[in-house]
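*Asks:* Full structure from sequences and hints, please.
Sequence positions in the sequence shown follow UniProt numbering and run 1 to 465.
Some hints could be false.
[To be verified] With a cut-off of at most 25 Å between alpha-carbon atoms, the simulated SDA-like pairs for lysine to any residue come out as follows:
hint: 1; residue 1: K51; residue 2: G250
hint: 2; residue 1: K56; residue 2: K111
hint: 3; residue 1: K247; residue 2: A409
hint: 4; residue 1: K189; residue 2: K355
hint: 5; residue 1: K37; residue 2: R129
hint: 6; residue 1: K111; residue 2: G180
hint: 7; residue 1: K308; residue 2: K104
hint: 8; residue 1: K193; residue 2: F137
hint: 9; residue 1: K189; residue 2: A409
hint: 10; residue 1: K453; residue 2: M380
hint: 11; residue 1: K193; residue 2: F58
hint: 12; residue 1: K104; residue 2: R129
hint: 13; residue 1: K355; residue 2: V387
hint: 14; residue 1: K51; residue 2: D249
[Claimed, not checked] Distance windows between CB atoms, simulated:
hint: 15; residue 1: I385; residue 2: K35; range: 18 to 28 Å
hint: 16; residue 1: N173; residue 2: M145; range: 16 to 26 Å
hint: 17; residue 1: N241; residue 2: K35; range: 44 to 54 Å
hint: 18; residue 1: G55; residue 2: Q317; range: 43 to 53 Å
hint: 19; residue 1: A360; residue 2: N241; range: 32 to 42 Å
hint: 20; residue 1: G301; residue 2: L375; range: 40 to 50 Å
hint: 21; residue 1: L375; residue 2: P196; range: 44 to 54 Å
In case anyone wonders, no lab produced these hints; they're calculated from the structure.
Where is the CB? At the ideal position from N, CA and C, for every residue including glycine.
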Amino acid sequence: MFKRLLNRKSAPNPRPGKPSGKAGPAVDHTRIFQKDKLGIVAGLRWVPLTKGEKGKLFNEARAQGDHSYCITPDGTQIGFFSSYPGDHGKGRGALASLALLLGKNYSLGGKEIFAFHVDAERCCLVALRDGQPVPGFDVIGSVEMVAERLNTFLQLADVGSVRRLGAVDLLGNVEEIDWGLVLDEVNAKVRLKKIPDIRKIFAVMAVAAVLFVAVSGAIAYKLAQERKIAEELARIANDPNIVYETKIDGDLAAVTGIGQASLQRMIGGLKQIPLQIKGWRLSKVECNPSLCNASWSRIYGNFAEFGKALPPSAMGQPQYDVFKPEDLASATLVTQHRLEDAGTGNAASAAPPPKLARSALPLRNAVSSKFFSTLQDLSMVDIQIKVEPAQLFAGQGDVSQLVRPVVDAVWTIEGPLWTLDDIVLEDYVALDTLTVDLDADKTAASMEKIRYKLSGKYYAKGKDF
Numbered sequence: 001m002f003k004r005l006l007n008r009k010s011a012p013n014p015r016p017g018k019p020s021g022k023a024g025p026a027v028d029h030t031r032i033f034q035k036d037k038l039g040i041v042a043g044l045r046w047v048p049l050t051k052g053e054k055g056k057l058f059n060e061a062r063a064q065g066d067h068s069y070c071i072t073p074d075g076t077q078i079g080f081f082s083s084y085p086g087d088h089g090k091g092r093g094a095l096a097s098l099a100l101l102l103g104k105n106y107s108l109g110g111k112e113i114f115a116f117h118v119d120a121e122r123c124c125l126v127a128l129r130d131g132q133p134v135p136g137f138d139v140i141g142s143v144e145m146v147a148e149r150l151n152t153f154l155q156l157a158d159v160g161s162v163r164r165l166g167a168v169d170l171l172g173n174v175e176e177i178d179w180g181l182v183l184d185e186v187n188a189k190v191r192l193k194k195i196p197d198i199r200k201i202f203a204v205m206a207v208a209a210v211l212f213v214a215v216s217g218a219i220a221y222k223l224a225q226e227r228k229i230a231e232e233l234a235r236i237a238n239d240p241n242i243v244y245e246t247k248i249d250g251d252l253a254a255v256t257g258i259g260q261a262s263l264q265r266m267i268g269g270l271k272q273i274p275l276q277i278k279g280w281r282l283s284k285v286e287c288n289p290s291l292c293n294a295s296w297s298r299i300y301g302n303f304a305e306f307g308k309a310l311p312p313s314a315m316g317q318p319q320y321d322v323f324k325p326e327d328l329a330s331a332t333l334v335t336q337h338r339l340e341d342a343g344t345g346n347a348a349s350a351a352p353p354p355k356l357a358r359s360a361l362p363l364r365n366a367v368s369s370k371f372f373s374t375l376q377d378l379s380m381v382d383i384q385i386k387v388e389p390a391q392l393f394a395g396q397g398d399v400s401q402l403v404r405p406v407v408d409a410v411w412t413i414e415g416p417l418w419t420l421d422d423i424v425l426e427d428y429v430a431l432d433t434l435t436v437d438l439d440a441d442k443t444a445a446s447m448e449k450i451r452y453k454l455s456g457k458y459y460a461k462g463k464d465f
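*Replies:* Here is the structure:
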């Protein structure tokens, strides 16, 4: 029916082998396991690495409690771990990254996913793309957590193009992992290293400078330099641009649901949901960039019949809303459905969803001639448009004080369901939700009056840069 209507996230322990007077971080044994006397660590926190940013990332990592790191062979990512690289007390040398071992010794390229049981309580999952770890998919923990992360990865990828290796009960019909090959070559490139303390290095350099000035006897020069340093530090601490630049790129990268491709995936998911299933009427659908949630009201039928008749897009069995025992006759259900490509009817396409690039964003006044003009045209066909004033994104304060500011603004579109295919979103427009409310008491003939609501934000440069 929808197809027809739409055609229109312990105290520190002393470090082993170190003087007992200085305590180090507690060893996170939950993410460490042994293979052939080699200590292997999984669940690293992978972040992008760009030229000149390593020192800043080291400072941020130490502030978050990390003490060791490793870098991918191509130098584009850095992985952080909370313990020191040799504190596990077992195995040969420093800990080795499981993701880097798999990428170096076992990967065949393309999209790959490795999932296996570490012991009775822990499972491990590592996803690679062209031999490089995929951030967010290097995890170790319970079976449930690994299964949830596995399903998320497969939803974002073309399932048929993913090479699967590991445990049959986690991945189905898969290849077994040959640990002899995985551990064939273990060198310094896959081992963790201690994060250097940049602050101590700077402190030593400052002391050396002070000693040089003292030896030279230039007391006046020394006082002038100290004053200059203090002024520069104060300037840095109060410069809004420095504060803004440390946050903006990460916040932009976290924005999802960008552009027309994301809208088409939501529409495709919506089209796979029927209006009735075995006496249960669809009452509401809420889609986000990850999945669609469908709410159902009982007219007749039972839970078992409903579960057996779910469409292929359904993700698992329904969630039962809280109800009293005497309310079984009027119970409600909630199901989750994967997004589909509206053009092909297949699961979300293999191409990664677009990301916001600050340099590619339009100027704020240019949005008026593009996105706003499109919204004005839509308002002529019984579509209601609302756009709130733009505000500074990823910060607070005055846009005029920043050199490269980004602004965002909330927008909403409401209209008849048959007009949804006419909506066109630019790659600087993010879609948060697509909601369709249905009145279960209406007749089939009035279904043409069903309306949808889209909401999201647009992003633009606050000034020319």
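*Asks:* Hint by hint, say whether it matches the structure.
*Replies:* Structure-based check of all given hints:
With a C-alpha separation of about 16 Å, the suggested pairing of K51 with G250 holds against the 25 Å cut-off. For the hint pairing K56 with K111, the CA-to-CA distance comes to about 30 Å; that exceeds 25 Å, so the pair is violated. A C-alpha spacing of about 19 Å is found between K247 and A409, which places the hinted pair at or below 25 Å, so the restraint holds. For the proposed pair K189 and K355, the alpha carbon gap of about 30 Å is over 25 Å, so the pair is violated.
At roughly 28 Å between alpha-carbon atoms, K37 and R129 are farther apart than 25 Å, so this suggested pair is violated. For a cut-off of 25 Å, the pair hint linking K111 to G180 stands: about 22 Å separates their Cα positions. Of the supplied pair hints, the one linking K308 and K104 is violated, its CA atoms being roughly 44 Å apart against a limit of 25 Å. Only pairs whose Cα atoms come within 25 Å are accepted, and K193 paired with F137 is accepted, the gap being roughly 21 Å.
Annotation: proposed proximity of K189 to A409 is violated, straight-line Cα distance about 45 Å (limit 25 Å). Pair hint K453 plus M380 holds up; C-alpha atoms about 17 Å apart against a cutoff of 25 Å. With a C-alpha separation of about 12 Å, the suggested pair K193 and F58 falls inside the 25 Å cut-off, and the hint holds. Distance hint between K104 and R129 is fulfilled; the C-alpha atoms sit about 12 Å from each other, no more than 25 Å.
Taking the CA atoms of K355 and V387, the gap is about 22 Å. The hint holds against a cut of 25 Å. Between K51 and D249 the CA atoms are separated by roughly 14 Å; this keeps the pair inside 25 Å, and the hint holds. Under the hint 18 to 28 Å, the C-beta atoms of I385 and K35, about 59 Å apart, miss the expected range. Taking 16 to 26 Å as the suggested C-beta distance range, the pair N173 and M145 conforms, at roughly 23 Å.
The beta-carbon spacing between N241 and K35, approximately 48 Å, falls within the hinted interval of 44 to 54 Å. Take G55 and Q317: their Cβ atoms lie about 50 Å apart, and the range 43 to 53 Å holds. Between A360 and N241 the C-beta distance comes to about 20 Å, which lies outside the given range of 32 to 42 Å. Restraint check, G301 to L375: a C-beta distance of roughly 42 Å satisfies the suggested window 40 to 50 Å.
Distance hint check: the CB atoms of L375 and P196 are about 52 Å apart, consistent with the given range 44 to 54 Å.
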